[in-house]
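Colleague: Based on the provided sequences and hints, a complete structural model is requested.
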Amino acid sequence: MRQAVVKSRGLHREDAAMLDFVQQLVSGVALGCVYGLIALGFVLVYKATEVVNFAQGDLMMLGGFFAFTFIGMLGLNYWLGFAAAVAAMALFGMLAERVVVRPILGYPQFSVIMATIGLGYFLRSIAGMIWGTDDLKIETPFSQGVLRIGSLVLAYDKLSVIAATVILCALLYIFFNKTTLGTAMRASSENMLAAYYMGIPVKRVVSIVWAISAAVATCAGVLLAPITFIHSNVGLVLGLKAFPAAVLGGFGSIPGAVVGGVLIGVIESMAGFYLPEGWKDVAPYIVLLAVLLLKPEGLFGLHVRKKV
Amino acid sequence: MSYFRAENLSLHFGGLKAVDAVSFAVEKGEILSIIGPNGAGKSSIFNLISRIYRPTSGRIYFEDQDITEEAPYDIARLGIARTFQNIELFENATVLSNLLVGRHRHSTTQLWQELLFLPSVRANEKVHRRRVEQVIEFLDLEPYREKLISGLPYGVRKVIELARALCSEPKLILLDEPSSGLNVEETDDMSFWIRDMKSELGITVLMVEHDMSLVNRVSDRVIALNYGRVLAMGSPAEVQQHPDVVAAYLGA
Amino acid sequence: MRFLFKTDYEDDIRLFPHSGYVVSYGLLIAVLLAAPYALSSYLMSQLVFVCIYATVGVALLILTGFTGQASLGHAAFLAIGAYTAAYLQKYNVPFPVYFLAAGLLTGAIGAMVGFPALRLTGIYLVIATISFALIVEEILARWESVTNGNEGMRVKTLSLLGVAVPRDSPTFYYLCLAVLVLTIVGTLNLLRSPTGRAFVAIRDSETAARSMGVNVALYKVKSFAISAAITGLAGVLFAHKLSFISPEMFTLQLSIEFIIVILIGGTFSLHGAVLGAIFIVMIDPFLTYLKDDMPGIIAGVAATFGAGKDAAADVQSKVAAFASLNGLKGAIYGIIIMLFVLFEPLGIYGRWLKIKLFFQLFPLYKRATFKRQKIYVKSERNR
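Residue numbers (my numbering), protein chains in the order written: chain A, 8 to 315; chain B, 199 to 450; chain C, -10 to 372.
Hints were generated in silico from the structure; no laboratory data involved.
Where hints are given, some of them may not hold.
With a straight-line Cα cutoff of 27 Å, these simulated DSS-like cross-link-like pairs (lysine-lysine) come out [claimed, not checked]: (1) B:Lys396 x B:Lys226; (2) C:Lys345 x C:Lys355; (3) B:Lys345 x C:Lys(-5); (4) B:Lys345 x C:Lys345; (5) C:Lys343 x C:Lys355; (6) C:Lys355 x B:Lys345; (7) C:Lys230 x C:Lys79; (8) C:Lys318 x C:Lys230; (9) B:Lys324 x C:Lys(-5); (10) C:Lys343 x B:Lys345.
Modeller: Here it is in structure tokens:
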């Protein structure tokens, strides 16, 4: 990258270059936080059930639409609508788990992946039927306004995403490491059958994990709403970007997912600014393939070998 | 020179010494058993020979050739076949195709010939099929030829794994706990087969086993391991009376 | 029930175990050859797509079904085949040459994808193939000197030995059918040879395959190359059938459709690829039928059961509105995938085998024969 250019601060042009860089960095981090939140959903579900939920992005999309319904259509207060959407989506996540995933839990991974791909298709087209195919916008307290630090201009909507991600991560960290339920989840992710024998209600645990991951996805959807618009395909587009994020993070690590997301967001934002057109969309995947080549288990993943 | 030789073989996982400077030799045509408590490093030695693990140090020789750096699939090509402790069969294939995979090291046909199924491929297939049939006969597997592995009981699978190893016409066979999970009658059959492999097929056998009665019946020599080190080596009776071995088993 | 008495090792190698097979497949081929004289041009066109999708399905079965390497990037291989054809055609390269060139190039690229994929399993492999496909899609859109970018490329009418073969002619259909049949025969040959068995061995246990002398890396690359090459050949036919290609035709959506083909058909047998292709391609005519004829029929039924004229018209317009909803196809896809994964993981062909066995064993059929076994132990994470 070009940050090396910024050596002598006297020159105005290079100052501007530095400013551009910081600006891109912040919007990259903000976008990356959204990827990170979706990736977080992947990781939660993967950790608990070893299932990769290809419909995670679509859960985010649905969460966005729920929030739009509560805030934009029913006229609820932003925070109230946000909470209602999160609660509704948590229930929906449990429902989806009960109907689609639980009957095939324990079967080959690929079947479950296909089931969630099917779920994604279904949600996308249902959302299209209900809310139409237009872009929708949610008015939020962060939609307008900027923070000025010297000549640096940062939009509140982006800062709000970053702040919310940090808060959510802290909450999830505390939940997983300090509460009994969190410990039960970690146990059942290590060995479901053994956890079951030890009296952990594995089914309920899995169901709660899905609820949490749908709730996290909703947060991502609502936070994203001021930055991009909500439409029925937004989940697919962003979900595909969140994959590299989760893989970079190693697919089993909660901080890894967020770090991976931020990395992908920054790479994308930088590639969009400094490289010719077209690189923006593929740069994350090129980085992903490169990482997989060098370290097949991701940056933070563990490699375990089958015992014979 | 010995037929098969391991010299100062070590395998360390971090600080854990799974195998620690183990040396032993196998003579052509003998049955050598490795015994030892759980975690003594018996299976690790097998995994080192078949190159699933890379040794931390030490060398392995087979027929006076250094095979320490060979690729895992080349080990089979040299004539060393193995079975696994927990059975590694091709679950969703028939017994016949499992056994035919055992013939893989003898296949000579090229991809394009196989796509067209040229007469040479057909002729080769018939040879493979005949060899497989000989093994089926040797191990009494006739009732199971067309069955899928996933539907077969454990004891039968154990025999099929042995059959698959024999199909590759090995010079040296590594048996990882051939009697585990078998009942008394099946273990009896197994002991006959192991002796027949030596006397009729001329195969050298290296075996890891817990069942001492089986070890006593078939082995020419025994090696006792504990904590990755050799405790004793010699005839079955000698090793069993060795004070270190008694101590290791009794936990003294 | 028929009992086979085998007297020769040849009996185990033969493609058709007994004469019944020869008769039924002979009949099937005869019907397929006669199809252009019986079916409407629309259905013929769909039948060509069935052939192309089934060819890709067979290719995907080799990789995913038999070697156990999942791929959600086959649309990219199809695209490479299609673009190779369109590009070489501009320089008046004859069909047989660019047909083979497309296969070879796609095969080579498949092998190149196979190498990095060697170290990846499960979900990582799926994501790597998705990434590969997305990168190819972007390259097609940006490499304007060769691919004409987002404008797309026109594909001229196929000319075979100086004779023009229009895309809706019976000859073109026969060509696609021939490619499909040859692909199937080649794959069956492969499956009864050491290579095919090595593929299955890798799928079921890499460790055991290795210990039996299978060079796992080499065979995985081979599987990728073969699968990609066949898909590339299908891509040439696909380009000719559409007569126009552009990057947005080869999206992740198409890759998913190919996976649906083998998933719905049944991932363990070549029959599955063909049945799945029929299913996927026929969804479109089915939706058209839903849109055009169903409302009238339902209204008719409503009228006969005593609904008034207005009520019947009302029903008709409601059904019509439902059938022409945007995205109905997506919802149907989604529901079909979920239903198959949940209730018939062996696919259509698996269902057929169950029905057959039910009648063969008639009063003695046991449901447990086909019951799936759950594996709760976390085996896939530490493969």
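Colleague: Hint by hint, say whether it matches the structure.
Modeller: The hints, checked one at a time:
In summary, the hint linking Lys396 of chain B to Lys226 of chain B is supported, as the alpha carbons are separated by about 10 Å, within the 27 Å threshold. For the given pair, Lys345 of chain C sits about 13 Å from Lys355 of chain C by alpha-carbon distance, which is consistent with the 27 Å threshold. Taking the CA atoms of Lys345 of chain B and Lys(-5) of chain C, the gap is about 16 Å. The hint holds against a cut of 27 Å. Straight-line distance between C-alpha atoms of Lys345 of chain B and Lys345 of chain C comes to about 18 Å, which keeps the hinted pair within the 27 Å bound.
Taking the CA atoms of Lys343 of chain C and Lys355 of chain C, the gap is near 10 Å; set against the 27 Å cutoff, the hint holds. Between Lys355 of chain C and Lys345 of chain B the CA atoms are separated by roughly 17 Å; this keeps the pair inside 27 Å, and the hint holds. A threshold of 27 Å between alpha carbons decides the hint, and for Lys230 of chain C with Lys79 of chain C the separation of about 17 Å falls inside it, so the pair holds. Proposed proximity of Lys318 of chain C and Lys230 of chain C is supported: the alpha carbons are some 22 Å apart, at most 27 Å.
This hinted pair checks out: Lys324 of chain B and Lys(-5) of chain C have alpha carbons roughly 14 Å apart, not beyond 27 Å. A C-alpha spacing of about 17 Å is found between Lys343 of chain C and Lys345 of chain B, which places the hinted pair at or below 27 Å, so the restraint holds.
Violated hints for the displayed structure: none, as all numbered hints are satisfied.
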